[in-house]
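**Q** Dock chain to chain to rebuild the complex, using the hints, since each chain is given by itself in its own frame.
Protein chains in written order, with the numbering used here: chain A, 19 to 332; chain B, 412 to 703.
In short, the hints are calculated from the structure, not lab data. As the structure is a prediction and not an experimental result, all values here were calculated from the model. Be aware that a few hints might be false.
[Unchecked claim] Okay, the calculated bits of chain A under chain B, using three or more residues with CB under 8 angstroms as the criterion:
| # | region |
| --- | --- |
| 1 | 63-73 |
| 2 | 86-92 |
| 3 | 112-123 |
[Unchecked claim] Beta-carbon label-pair distances, calculated as ranges:
| # | chain 1 | residue 1 | chain 2 | residue 2 | range |
| --- | --- | --- | --- | --- | --- |
| 4 | B | 510 | A | 42 | 42 to 48 angstroms |
| 5 | B | 638 | A | 299 | 53 to 59 angstroms |
| 6 | A | 118 | B | 469 | 18 to 24 angstroms |
| 7 | A | 298 | B | 599 | 41 to 47 angstroms |
| 8 | B | 623 | A | 138 | 40 to 46 angstroms |
| 9 | A | 59 | B | 510 | 51 to 57 angstroms |
| 10 | A | 150 | B | 511 | 21 to 27 angstroms |
We put the beta carbon where it would ideally sit given N, CA and C, even for glycine.
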Amino acid sequence: MKLHEKELRAVYTDTLIELMTENSNVVCLEADLGKSSGTVPRVWEAFPDRFFDVGVAEANMIGISAGLANEGMVPFCATFTPFATRRAYDQITISIAYAENPVKIVGTAPGITTAKNGATHMCFQDLAIMRAMPNMRVYCPADVYELRSMVKYMAASKKPEYMQLIREIHSPLFDEDYEFDPHKARVLDQGSDVTVVTTGLTSQFAREAVAMLKQEDIHAEHIHYPSVKPFDVETLLKSVKKTNAVVTAENQNVIGGLGGAVCEVLAENYPVKVKRLGARDRFGEVGDVPYLSETLGFSAKDIAAACRAMQASR
Amino acid sequence: MKIDRIESREQLDQLAKEFRFIVTDIMCRAGGGHIGGSLSLVEIIITLYFRIMNVKPDDPRWEDRDRFILSKGHAGPTLYTALAYRGYFPKELLLTLNANGTKLPSHVDQVITPGVDQTAGSLGQGLSCANGIALANKLQKKTNNVFCVVGDGESQEGQIWEAAMFAAHHKLDNLVAITDYNKMQIDAEVEKIVSLEPVVDKWRSFGWEVFEVDGHDWDEIYDTIQKAIAVKGKPAMIVAHTVKAKGNVCYENRIECHFISIPDEDERKRVIGGVCTEGDEEPFHFNWTEGK
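Chain B on its own, in the form it takes in the complex (with noise of 0.2 angstroms):
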């Protein structure tokens, strides 16, 4: 079943605990994957492509279109998930995620896959083309919004703040950025690593208008985004505070949980089930085959 546009708060939970199973369980199948980011996103993600973006996933490319750039490539199963459930492609696609010759690869790769604006995957480069892009439909007249997710341990690259410089000279304000602020990165905490701290201050010292959310809570993200959204004269930097793996309880913030690796059946039982129901075996049942 395809969905446009969800509101209600039971729908947003269902389709939460969907998507969070959905991507456990087809990294599940790939053998490993980068979890731990991919589930910090997903309420944000959930957020952008059913209540705020507009796209014709009949018209990829549609030029009038809402862009979502996710610099943080690694977290394109939940960008896969959202793009399957709006009906870009079949979610028996999803299925696929890393297999030999796959159109979902574990980055994101706008050559390959329906719906993907921007590849990324080479961390920092992201915000710089959300730049051109934004700077382009500017420069066309257009009236859409440019979207842009970075994560905690990407901003570390300096070429975020080049960008981050760059789109506030340039007044970028058809530009909303949001930080995956989950706090973590591969080798530790990015407190332990190289501090961010303080994030909001630095973006509102680059010029951004800085909003700060709970990356988990729905009405606090749509209503944030809709600000972000109205902001003229400068970009918007949203900082989301969100917890790594959030709602698998195997994983969900835990330091390892930037990619894991699943090599046997009992594993990937264990790592399923840290997205169960208390008491289900496998939840939701999910029937793969409905999306037909």
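Isolated chain A (complex conformation) (with noise of 0.2 angstroms):
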């Protein structure tokens, strides 16, 4: 079985598993999620000394984890985004990101993903409360090749990290070789008529939205950003100076987001006309993956629309 017709959740697993494997200071913390992560039962079984479930308790999982830090462990501690950013904002905000210590949180099911669970389980705001809070990087893999990457990267950063973790297959954008950076962006299309910039999720929309550009003779400039913070301007600068348009599709609120974080780039720097695509300031609904990119106007066929009057407002 190639890696990337495996779920994601189980290449965070096995990625797990082979870094516990090497390094006797990394551990795992659920908070009775650990089926939904992936990690219950194969991490538990394989380390049951270094495998904590806190149950139904994400406050005391977020300290214990800052306590392990402090300690020289390496924590990876996840449960669904909502419950892993915002219900804990405050116990990551202070033991974890003002005191240094170098915990690893992984938020799963984000955004849509979390489909069937609904508004409650519906997290658009974790990209943006965790980018505004000092000392936390932000990361958000698109494929299973940069999963597995990034948690090797994270588990190796003195850095507190956060990481979407989308569970489900998803078609592979990069292959064995890929190296995650935080610094670097990824132009996955080039082109000079649109500047497109994705994360996570989205960034498997934008394929299919610039393929379809493509048949029209539009040119899209795909970027996916694996890190939100840090931030590549960089790459970003070099596509607007060539495309001057930009949209953004995530799978967030519009609102401080990705979306936020070009703006800020793009009017400190090279302003250009920009068209932010996400949940536009609502809470989601229950509903399954294609409904809900539709409803909310993020999907495949959004990003491609969107493109179309960037150009035709030229």
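**A** Shown next as structure tokens:
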């Protein structure tokens, strides 16, 4: 079985097991959603002494992880995205980020990928709030190769880091040789008509949009940002100086996340017109991913339409 | 003068007097501070740092040291005084409490202050961090102890009880927690806000070995911490009955003592007078340059 035929959560689990085998400081924490992250039962069975399910107690999981990191351990702690971020936001801010305790926080089922769990579990603000936290890095892998490399990078890094983890199978964007670098965005398609900026799930959607646009002779330059913070300014500016038009798309509220980061950089360096796609300051609802991405307006079709509109308005 | 270990009652009493003067003095110079919950902890922190804890002030992150987590991080000034007396930094640094650019902020900070093991100040978080530290030390096969002081008002935070369950479940017997039970919080007495009672039964029912002490009685504190360290198979909680702002007659056991403001010289003199021996204008004539 090829790596990209696996669910992302299975690859997260495989990678953790590999890291825990190599490094006795790596520990895994869950808050009763380990089955969802993929670590229950596999990590629990493989490393019963270094797996801690704290129960339904996210704030405590964050504090325990901070203490473990303070002592040189490398804690990966995971739960659903809203509980991994907004629920324990002050604990993360003080016990991890301000205290400089290098915990690795994993938010599973980001945005619409929580699907039938609906609005209560559908977090559209984690990129914005985690990005606004000093000392915190914010990552969104788009395929299994990137995920694997990112998790390994995080285990070696001495920084507090947050990573979104989509659980399901996704098409490969990269290959075995991929190496994650938080300071480096990835140009997935080259073009000179419009710059499309995406991260995580929407990097999948944009591939489809770019292909549609090509048939219409619109050549979009697609940049995938595995790291929303730190943000690779140079790659964006290089592209925008060529295209002078930007469409951002994210599995988030349009306020403060990837689109926000792009607008901040452009407003200060090279102002051009930007169209932000994402949930337009609204909560989610139950539904499947295709329905939700279309309803909220950041599907492949929406990305293509925004690029067309941008092209037409020149 | 740097002090390592103290056993005599006279020395302990003298040190506590000096601590109370210094904590009051540095807060007055800073224009105010959390005097109540700092003074209630003087005997407990002196006992930990001068009679119990195994630390190396010249190597603050020495890996086999005993850890101290001041979850009620606003009592920093008493901890800073202990760290200065143990030689982590010069006593003169205490005069910079809350000054612009200081290494001694009102709430404890592991990044900027030598000897502070865990940042705290947003209440309710320190006991979870202490859990993580105790867990890591066990995984690392260390034989040190982890001490954590929580406030009584702080114990209204739900996270304290999440941490309580976890520590008992994982049998963290290298963890000794102490509740500074001074019975007061910012707005009123704990009893009037949300009662912790029966607090001893609560901790016991959460699976902890529980002790009660007079938090200002040297022998009781020392003996009980030793007993708590010896507990096997579960974490230990010492409920220390203390008096808020103990030893400063201007504020002792008064509800307004949580945070005081010192707007002018008259007030400074009055509050400093609260730790003076009768007849003294300035107690001990404390010599700040002595510690150089």
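**Q** To test your reading of the hints: which numbers does this structure violate?
**A** Checked against the structure, no hint fails, so every one of them is satisfied.
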